[in-house]
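Chemist: Fit chain B to the supplied structure of chain A, relying on the hints for placement.
Protein chains in written order, with the working numbering: chain A, 1 to 174; chain B, 1 to 100.
Each hint can be trusted.
PhoX-like mimics (lysine-lysine), calculated; alpha carbons at most 25 Å apart, straight line:
hint, chain 1, residue 1, chain 2, residue 2
1, A, Lys25, B, Lys87
2, B, Lys87, A, Lys171
3, A, Lys25, A, Lys93
Taking CB as the label site, the calculated pair distances span:
hint, chain 1, residue 1, chain 2, residue 2, range
4, B, Asp93, A, Thr137, 38 to 48 Å
5, A, Leu75, B, Val68, 15 to 25 Å
6, A, Leu149, B, Ile92, 31 to 41 Å
7, B, Ile2, A, Leu98, 25 to 35 Å
8, B, Gln52, A, Thr146, 17 to 27 Å
9, A, Ile150, B, Thr5, 32 to 42 Å
10, A, Ala101, B, Tyr84, 24 to 34 Å
11, B, Thr5, A, Val55, 26 to 36 Å
12, A, Leu98, B, Lys87, 22 to 32 Å
13, A, Thr146, B, Ile92, 36 to 46 Å
14, A, Ala101, B, Thr3, 22 to 32 Å
15, B, Thr3, A, Val133, 23 to 33 Å
No lab work stands behind these hints, which were simulated from the structure alone. These figures come from a predicted structure and were not determined experimentally. Ideal Cβ placement from N, Cα and C applies to all residues, glycine included.
What follows is the residue order along each chain.
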Amino acid sequence: MAHAIAFYVLAAFILGFAVLVVSTKDTVHSVLFLVLDFLFVAALYVLLSAQFLAVIQVLVYAGGIVVLYLFVVMLVNLKRPPEAHADPHRRTKLGFFLAAAVLVEIAVIAGYGYVRPAAAPVAAVAQAAAMPVSGNTEQVGWLLYTSYLIPFEIASMLLLVAMIGAIVLAKREL
Amino acid sequence: MITPTHYMLLSAALFIIGVTGVMVRRNIIIIFMSIELILNSVNINLVAFSSQLQNQVGQVFAIFVIAVAAAEAAVGLGIILAFYRNKETINIDEMNIMRW
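Extracted from the complex, chain A is given alone in its bound form:
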């Protein structure tokens, strides 16, 4: 019961702040609503007993990425509001229509799954029980450094390349 109340409260906050992120006129306010949204998603991870991921969410998203966004908002001078200039060829109604089409697709998939529910997989549970460590952070770390070692290293290479790329792009002249 407490789980259900916590879920509904968190879901309401997550969706409400997401709507505010998308709809606010002021870009700085939008970034601040994004921070709140990420914090509530982190709380949802705690509810799902993924504590390590909740900490990563707060550190990387709410701490790192959002600061990057705030820097860019401060660096670009918004004397002329970006929404003021409207392209006569732009079709905002078509954008809403495409988003509604995605909604209909997801509703169809959800309805199909409701009509024909899939059998619950049982093989995964046995594999998780074979892990030699207990605790959320220990298990995630065990998986990262055994089965997923090569993807982990590739992710670190991706971050290195992205860092160099960001420096090259943002520098005035090389």
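Modeler: Positioned in the frame of chain A, the structure of chain B alone reads:
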């Protein structure tokens, strides 16, 4: 009783909000933030199933998604800054210098 279906519906709603932001807004910074919302909705899905199946592989994949999101934000914001120096705008309707 909260089942993975509830988490999937929350994730789908967040995804739709992000897609609407990408389609409708003209400020490119807000479009990037909508993409972050979409990536977050995917993460909610992964973690919900990881919790349901008692298998931590979903959380490992969520960490990879966060790493890719960080890389995407760094490169994308670098592109925004480079573009802003050239054209003094962050309106995507005016970003047409590569159009033929």
